[in-house]
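Number of protein chains: 2
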Amino acid sequence: MNILVGQSGGPTAVINSSLAGVIAGGIESDKINKIYGAVGGIAGVLEDDIIEITDFSVERLALLKQTPSSFLGSCRKKLGSDEETYEKIFGIFEKYDIGAFFYIGGNDSMDTVDKLSRYGNKTGSAVRICGVPKTIDNDLVITDHTPGFGSAAKFVANCVRQLALDTAVYKMKSVIVLEIMGRNAGWLTAAAALGNDADVLGTDIICLPERVFDAEKFLEKVAKNADKGVAPIIAISEGIKGADGKYIGESLSLKQANDGFAHAALGGVGRIVENLISDKLGIKTRTIELSTLQRCFSQGASKCDVEEAYAAGYESVRFALSGETGFMPCFKRLSDAPYKMEIVPHPVCEIANYEKAVPDNMITADGMGITKDFIKYARPLIDGEPERIYENGILKFTTR
Amino acid sequence: MNILVGQSGGPTAVINSSLAGVIAGGIESDKINKIYGAVGGIAGVLEDDIIEITDFSVERLALLKQTPSSFLGSCRKKLGSDEETYEKIFGIFEKYDIGAFFYIGGNDSMDTVDKLSRYGNKTGSAVRICGVPKTIDNDLVITDHTPGFGSAAKFVANCVRQLALDTAVYKMKSVIVLEIMGRNAGWLTAAAALGNDADVLGTDIICLPERVFDAEKFLEKVAKNADKGVAPIIAISEGIKGADGKYIGESLSLKQANDGFAHAALGGVGRIVENLISDKLGIKTRTIELSTLQRCFSQGASKCDVEEAYAAGYESVRFALSGETGFMPCFKRLSDAPYKMEIVPHPVCEIANYEKAVPDNMITADGMGITKDFIKYARPLIDGEPERIYENGILKFTTR
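These protein sequence lines are chains Y and D, in that order.
Counting from 1, position 75 in the first sequence corresponds to residue 974 in this note's numbering; the numbering is continuous, with no gaps.
Counting from 1, position 346 in the second sequence corresponds to residue 1245 in this note's numbering; the numbering is continuous, with no gaps.
The hints are simulated quantities; they were obtained by calculation from the structure and are not laboratory data.
Any given hint could be a false lead.
If chains are identical, the list can't say which one is meant, so a pair holds when it fits in one copy or spans any two.
Unchecked claim - List of simulated lysine-lysine pairs, DSBU-like, C-alpha gap at most 30 Å:
(1) K1120 - K1070
(2) K1145 - K1239
(3) K1202 - K1295
(4) K977 - K1295
(5) K1123 - K1239
Please put together the full structure from these sequences, using the hints given.
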């Protein structure tokens, strides 16, 4: 049989490491003949935009493992309920003699996997449908964590540490508002706390979407830290909300409070919070949006993440060959220290369309900080430096 | 005798590597007894905020070499012409039995070195006054380049490369406006071109302060590239100016042209250019400001830069001991391939208060691109990965 693999949703630093794992698993098995890739995810399948990727040398697989973004391209397509679409997709599977389809992605992609799997079951298709987890948001349920999170978290943590040193050089006090991705779950914003060490408290105000943003209490804590001259980095999730349940980034009341600063409306939540601090406290404030860098900075990827992303792809092929379908490989933590994981398949129907928020025990009582439970959980995920291949001073990549 | 060292101006990824070089040079010489550091630059000298830093272990020096930002703190103080200030400074030198003063910094700091040196000459002081170059702006004259530039350039280049891959995943065309530091010289913005390789043209619109920004021609080139689906990254120096000589970031005419986008005024030049593109061409555009990350990202520092910064500090001590004063160690390029440099002292009076712009042969005829001459010049400076010491997934640093 042949296999088909696609990538979907926002890119990460290690989504191609999972692709490398699927390709390596495919090459190793004598049951698998050709390996195909769908260009642009499930939309590419529907357009019959399929390329063969069987012939990957060991050297090229090593480059693929360190190439950020989606080698095969991506899409944001969500499947509807019309039979026609599914018929077309399974028609493509038949055309290429596909025995197993692997879809590397996050929440929306697992919805696609679930729907394809249901359709396959209903129609008695033999094609195994497999999800491979990836998302910097770390918001998939059942699995301990998701590939992509560790590397993004490591980038955030190192930025916090380095920016904290940079901010401390002048005697005048100033703060940085660091705007971090994660619309509905605060995992990546929480990772800012990993940038603290015994020497320097880089940040201890960390605002997640899991807690209501209270401007008054927030300003109190900012003023207190500024007085003490500690923790110049304020980590803000792009998804923080006010008591009215609305995103602060779209909050009219806060914008109006910032008279004359209507521009903040379009500058994102970071600028709104920046204006709050500088207007109300008169502290010099600068906003830094980590933007897409936090999801594509493979130069700072964690070895743990790169290897686990690869393993998720590789094991998926093994699971599919052993007859599993409609599953996603999940990480099951066996111990924190030494850090030990095992990968087990789990029905994707229990994963798709659920979201895992940061739990209460990882958030401090004041709702603006992170506890040691989070540090214990997340630290192993950002650990280790993979061997990196450079050329002319920039990381070497491979493209289609 | 004892020596005193200070740091000044904006931090870089390797300014502490130069400090490590001064300390190592001081420790090695049997003519030098104690090594002192001024906390907060020349302002710290004036406040008698002096600490002893003689006892650095080999291990701590290794950490110092990879610690970004200014270990000793910084200031932005420019010396005036009042005798009293100079008397006070030389009084502090006397108090601590200082035989040589080392000031690590950029253009403004070299002005300080020059002024102190003139005062010393006038008064017959035996204290040797030494400048040690550092600036991500690369705008000091005489020297081939400045420590700090290579690492910042490497960060910019790797960001361009990674962001170009990230932007390419969706079939819809979009561009990123990358706002890069450098108010008066475009060296660091030019470094975006180092992010291109044979596979992927990440950027070919690079706008420097050295050329007038012509919005019409700019939009033409953006539209042409977007049609071809190439070069999604547009590198913009924060210091680009219009034909009226005013910074685009403050240009009223462009702001007015963006009706209803008065917010752009405060979002920096990147947002203004973003609005230009999205308004006039209807192309999806995102601005990324690299902000202070580009000067403090030691996690991505170039080995060449780290070693040269160290050598600049170390050689300064040697030069001072051999009797030189009022100098700055300059890099003299012996060959491009293999890359070879030597370090020679040069009178600081011929360096302070001059600025080196990107020369004509490095800018394309259309004024919006970079030639191979720049690539040849800059590529060796971003080369090599230093050994890095990590702890818990984040780079390990040392602080005062």
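Verification of the supplied hints:
1. K1120 - K1070: within (20 Å within a copy, 45 Å between copies)
2. K1145 - K1239: Neither, since 40 Å and 59 Å both go past 30 Å.
3. K1202 - K1295: both (17 Å within a copy, 17 Å between copies)
4. K977 - K1295: Neither: 33 Å inside a copy, 43 Å across copies.
5. K1123 - K1239: For K1123 and K1239, neither the intra-copy (40 Å) nor the inter-copy (52 Å) Cα distance is at most 30 Å.
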